[in-house]
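Based on the provided sequences and hints, a complete structural model is requested.
Protein chains in written order, with this note's numbering: chain A, 1 to 382; chain B, 1 to 315.
Each hint should be verified, as a subset may be incorrect.
Computed cross-link-like contacts, SDA-like style, restricted to lysine to any residue with a CA-CA straight-line distance of at most 25 Å [said to hold, decoys possible]: (1) K93(A) <-> N10(A); (2) K29(B) <-> F215(A); (3) K157(A) <-> N192(A); (4) K67(A) <-> I109(A); (5) K54(A) <-> E122(B); (6) K236(B) <-> S212(A); (7) K83(A) <-> G234(B); (8) K70(B) <-> Y98(B); (9) K136(B) <-> M1(A); (10) K202(A) <-> A39(A); (11) K49(B) <-> G19(B); (12) K282(B) <-> G34(A); (13) K202(A) <-> S7(A); (14) K195(B) <-> A211(A); (15) K29(B) <-> S216(A); (16) K278(B) <-> F215(A); (17) K181(B) <-> L155(B); (18) K136(B) <-> R207(A); (19) K278(B) <-> M251(B); (20) K17(A) <-> L91(A); (21) K54(A) <-> G118(B); (22) K236(B) <-> R128(A).
Covered, in the sense of this in silico footprint (three residues per stretch, anywhere, with C-beta under 8 Å from a C-beta of chain A), are these stretches of chain B [what the hints assert, rightly or not]: (23) 58-69; (24) 197-205; (25) 212-224.
For each label pair, taking beta carbons as the anchor points, the in silico distance ranges come out as [what the hints assert, rightly or not]: (26) D80(A) <-> L287(B): 30 to 40 Å; (27) M50(A) <-> R94(B): 57 to 67 Å; (28) G90(B) <-> V292(A): 14 to 24 Å; (29) E10(B) <-> A343(A): 21 to 31 Å; (30) K136(B) <-> F227(A): 40 to 50 Å; (31) N192(A) <-> G130(B): 51 to 61 Å; (32) D206(A) <-> D187(B): 53 to 63 Å; (33) G286(A) <-> S224(B): 19 to 29 Å; (34) P239(B) <-> C122(A): 23 to 33 Å.
Hints are computed from structural coordinates only; laboratory data are not their basis.
Virtual Cβ for every residue (Gly too), placed ideally from N, Cα, C.
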Amino acid sequence: MAAKVISVGNLQAWIDKLIENSKVFAPMASTPNGKSPGASSFAQITAGTMPELKIRTDIPPKGLIFKRVELLLTYEYDEDGLKIVQGCGKLPKKIIFGIRPCDARAFEIIDKVFLDPAAPECGYAAERDNTALIMLACKESGITCFCTSVGGSPVDKTGDVWMVDLGDRYYVEALTPVGEELVLVGGDLFTNASQEDEEEQKQAVDRIDSASTEFSIPSAKDLSSLFYNDLFWQSQADKCLSCGACTFLCPTCHCFDVEDEGSINKGNRYRTWDSCMFSRFTRAAGGHNPRVEHWKRLRQRMMHKFSYFIENSGVAGCVGCGRCIRSCPVAFDIREFLRDAVAIVSPSPIDFVDKLPNEGDKLRSCDIKPKEETHGTGGELK
Amino acid sequence: MDKLEVQLREKAIELLESGEADVVIGWGKSWNPTKATPVFAREGQEASKLIFSPFCMNNLAVYLPRLREKAAIFTKPCEAGSIVSLLAEGKINRDNLYIVGVACRGIIDPAKLELASGDINEATEAYLDGADMVVKIGDEEKRTAFSEVVLDQCLVCNYHDRTFCDEMIGDPVQPLTGEEKSPVPEDADAAWWRKFWMKEFERCTRCYACREACPACYCRDSCSAQSHREKWTGTKQGPEEALMFHALRAMHVAGRCIECGACERACPVEIPLTLLHKQVGKAVKKLFDFKAGESVDERPPLETFSKEELERSGR
Numbered sequence: 001m002a003a004k005v006i007s008v009g010n011l012q013a014w015i016d017k018l019i020e021n022s023k024v025f026a027p028m029a030s031t032p033n034g035k036s037p038g039a040s041s042f043a044q045i046t047a048g049t050m051p052e053l054k055i056r057t058d059i060p061p062k063g064l065i066f067k068r069v070e071l072l073l074t075y076e077y078d079e080d081g082l083k084i085v086q087g088c089g090k091l092p093k094k095i096i097f098g099i100r101p102c103d104a105r106a107f108e109i110i111d112k113v114f115l116d117p118a119a120p121e122c123g124y125a126a127e128r129d130n131t132a133l134i135m136l137a138c139k140e141s142g143i144t145c146f147c148t149s150v151g152g153s154p155v156d157k158t159g160d161v162w163m164v165d166l167g168d169r170y171y172v173e174a175l176t177p178v179g180e181e182l183v184l185v186g187g188d189l190f191t192n193a194s195q196e197d198e199e200e201q202k203q204a205v206d207r208i209d210s211a212s213t214e215f216s217i218p219s220a221k222d223l224s225s226l227f228y229n230d231l232f233w234q235s236q237a238d239k240c241l242s243c244g245a246c247t248f249l250c251p252t253c254h255c256f257d258v259e260d261e262g263s264i265n266k267g268n269r270y271r272t273w274d275s276c277m278f279s280r281f282t283r284a285a286g287g288h289n290p291r292v293e294h295w296k297r298l299r300q301r302m303m304h305k306f307s308y309f310i311e312n313s314g315v316a317g318c319v320g321c322g323r324c325i326r327s328c329p330v331a332f333d334i335r336e337f338l339r340d341a342v343a344i345v346s347p348s349p350i351d352f353v354d355k356l357p358n359e360g361d362k363l364r365s366c367d368i369k370p371k372e373e374t375h376g377t378g379g380e381l382k
Numbered sequence: 001m002d003k004l005e006v007q008l009r010e011k012a013i014e015l016l017e018s019g020e021a022d023v024v025i026g027w028g029k030s031w032n033p034t035k036a037t038p039v040f041a042r043e044g045q046e047a048s049k050l051i052f053s054p055f056c057m058n059n060l061a062v063y064l065p066r067l068r069e070k071a072a073i074f075t076k077p078c079e080a081g082s083i084v085s086l087l088a089e090g091k092i093n094r095d096n097l098y099i100v101g102v103a104c105r106g107i108i109d110p111a112k113l114e115l116a117s118g119d120i121n122e123a124t125e126a127y128l129d130g131a132d133m134v135v136k137i138g139d140e141e142k143r144t145a146f147s148e149v150v151l152d153q154c155l156v157c158n159y160h161d162r163t164f165c166d167e168m169i170g171d172p173v174q175p176l177t178g179e180e181k182s183p184v185p186e187d188a189d190a191a192w193w194r195k196f197w198m199k200e201f202e203r204c205t206r207c208y209a210c211r212e213a214c215p216a217c218y219c220r221d222s223c224s225a226q227s228h229r230e231k232w233t234g235t236k237q238g239p240e241e242a243l244m245f246h247a248l249r250a251m252h253v254a255g256r257c258i259e260c261g262a263c264e265r266a267c268p269v270e271i272p273l274t275l276l277h278k279q280v281g282k283a284v285k286k287l288f289d290f291k292a293g294e295s296v297d298e299r300p301p302l303e304t305f306s307k308e309e310l311e312r313s314g315r
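In structure tokens, the structure reads:
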């Protein structure tokens with residue numbers, strides 16, 4: 001299909017036509033509560049509502065496909081035996097409208113886990129199949145954006161339809177057969193892109209691409225060589241509160257838990273979001289927990305994103321959206337972590353190397369040993 | 001660098017070099033001009049990172065129960081109440097703690113600043129200019145009266161030059177005046193609250209940032225909200241489950257919460273949690289005539305029981 005153009009004035013009519021056949025989710029500010037600005041997110045819109053396409057949402061669209069709680073199966077046990085019904089069935093069609101390239105690319109990363117041909121998960125697969133992505137290339141990058149440093153681009157084409165904002169009109173390109181259908185729904189609202197439109201589109205794309213800042217990140221191998229440098233991880237984690245804000249607002253974090261709810265005879269099995277920043281995430285039956293100390297959890301999160309995931313799947317588990325930076329209650333900056341990691345593994349003599357821990361060094365604040373006798377500020381007192 | 005920051009850094013170096021503290025906890029600059037970040041200084045040179053500004057939002061007392069070192073802590077005068085509360089409960093060891101109160105002009109409420117100035121995450125500059133807070137976002141410079149963007153508690157602050165500490169640094173400051181604005185109508189009843197919270201908790205991600213940022217929530221990894229054995233909150237994560245968690249937390253910190261608002265500032269989706277905790281604080285005051293964070297010798301009322309309380313409650 002040839003590239004098309006739609007005027008800003010016709011956009012609403014196209015969205016309204018899309019809503020006739022699908023649920024449409026698009027960036028929206030939160031409704032005021034009189035005290036705080038709330039959080040912007042991808043909310044379901046009704047006909048006549050214009051999405052706030054300029055917003056880079058606080059909450060990513062991850063949860064629209066990788067559900068916070070997914071019913072995996074229901075079970076019932078009676079005199080006839082055990083009956084198990086798979087949770088996933090046919091779902092209504094859904095469109096995520098105005099999704100940014102980083103958030104769209106995040107789904108491709110999560111796919112590597114949940115659509116692994118060896119063991120695809122039917123709930124996720126069904127959601128993914130029924131959801132079309134209409135992307136909007138970024139016009140400018142935010143202060144916390146770093147997609148270009150982790151293999152992405154503000155003008156990536158990863159969804160079904162790709163749009164570029166040209167001021168008074170949008171340049172629209174269908175990337176998949178599903179995308180072509182969505183554009184066809186708009187019919188006469190679109191015109192074929194002219195030579196002039198093509199050129200303006202290229203200029204817009206070049207402008208944003210060259211404006212993005214890029215820095216180098218450690219290689220998967222280099223980062224794994226840092227694994228045993230406890231002092232490095234402890235000093236990185238000093239201020240970390242070990243909450244799940246970064247994880248739950250990350251468009252690529254996908255660690256999960258499986259929980260049964262009900263009785264022994266009848267109940268549901270759910271897959272729920274979980275966070276490696278929580279102590280219970282690694283608590284095994286019997287009580288052993290390999291990651292009681294919170295710095296080990298921070299290490300896990302970073303290693304998973306920038307070492308293990310690259311080794312297993314070929315890409316970083318991070319799309320550089322910057323939400324973890326914006327949402328962190330103690331202003332932890334993942335870019336700073338990456339720069340520190342590069343500095344410490346680079347061959348140039350950096351003073352960190354002189355600070356490798358020695359035996360007999362004092363325990364650090366983050367070295368939590370809950371039941372040990374301590375001589376510090378905290379701990380149980382007699 | 002202003003005089004107060006020089007004093008802060010000199011004090012930190014002195015405490016580290018004299019061996020009074022192995023670590024000094026204070027605030028430093030972050031990636032964003034409207035947010036400071038906690039700093040752990042263990043060597044003299046790290047003390048040069050220390051700052052003090054209206055952007056030092058974090059309540060640093062949250063780190064004390066997990067510390068395994070002798071520590072010195074810089075505290076805003078009002079938040080020394082968190083330390084008092086932890087001492088009253090026997091959760092930290094006074095002998096290994098040196099407390100430095102820092103004279104405070106008022107702390108920015110990020111929610112108010114965002115409503116007044118726009119997306120503060122995109123700010124490139126932010127500073128106090130006389131009685132105004134100036135924030136630069138893109139090409140735009142927004143100027144707002146400081147008293148309109150400080151935390152509610154700064155408008156009724158009683159701690160300008162005194163607090164629970166080993167020493168106080170900085171000159172006494174002029175109290176701020178202004179009006180507290182609340183979205184809660186005077187006649188708010190249970191139905192109003194329920195509607196309000198159901199809407200707000202709709203976006204709760206259950207990341208537990210509120211809990212982890214709270215000095216009174218030292219249960220942390222053992223929090224009953226995440227217990228698998230007794231399920232206090234269900235697996236399904238709607239606003240009802242979120243309300244259950246926040247109500248559980250509010251009841252658990254009742255009489256121990258100093259209403260510093262660290263929970264609200266930590267919330268990545270900006271749920272106005274202080275409204276909940278202030279409500280509980282009022283009930284504690286009424287029932288037990290008790291305010292958290294005022295005495296190291298008095299245990300929180302919900303940890304104790306006396307006959308007078310029973311009489312006061314009218315039973």
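Checked hints:
no. : hint                            : verdict
1   : K93(A) <-> N10(A)               : holds, 23 Å
2   : K29(B) <-> F215(A)              : holds, 21 Å
3   : K157(A) <-> N192(A)             : holds, 20 Å
4   : K67(A) <-> I109(A)              : holds, 15 Å
5   : K54(A) <-> E122(B)              : holds, 14 Å
6   : K236(B) <-> S212(A)             : violated, 40 Å
7   : K83(A) <-> G234(B)              : holds, 24 Å
8   : K70(B) <-> Y98(B)               : holds, 8 Å
9   : K136(B) <-> M1(A)               : violated, 45 Å
10  : K202(A) <-> A39(A)              : violated, 33 Å
11  : K49(B) <-> G19(B)               : holds, 20 Å
12  : K282(B) <-> G34(A)              : holds, 21 Å
13  : K202(A) <-> S7(A)               : holds, 18 Å
14  : K195(B) <-> A211(A)             : violated, 45 Å
15  : K29(B) <-> S216(A)              : holds, 23 Å
16  : K278(B) <-> F215(A)             : violated, 45 Å
17  : K181(B) <-> L155(B)             : holds, 11 Å
18  : K136(B) <-> R207(A)             : holds, 24 Å
19  : K278(B) <-> M251(B)             : holds, 12 Å
20  : K17(A) <-> L91(A)               : holds, 20 Å
21  : K54(A) <-> G118(B)              : holds, 13 Å
22  : K236(B) <-> R128(A)             : holds, 21 Å
23  : 58-69                           : holds (count 9)
24  : 197-205                         : holds (count 4)
25  : 212-224                         : holds (count 4)
26  : D80(A) <-> L287(B): 30 to 40 Å  : violated, 56 Å
27  : M50(A) <-> R94(B): 57 to 67 Å   : holds, 59 Å
28  : G90(B) <-> V292(A): 14 to 24 Å  : holds, 22 Å
29  : E10(B) <-> A343(A): 21 to 31 Å  : holds, 29 Å
30  : K136(B) <-> F227(A): 40 to 50 Å : holds, 41 Å
31  : N192(A) <-> G130(B): 51 to 61 Å : holds, 58 Å
32  : D206(A) <-> D187(B): 53 to 63 Å : holds, 59 Å
33  : G286(A) <-> S224(B): 19 to 29 Å : holds, 21 Å
34  : P239(B) <-> C122(A): 23 to 33 Å : holds, 28 Å
In the structure shown, a violation is registered for the earlier hints numbered 6, 9, 10, 14, 16 and 26, in ascending order.
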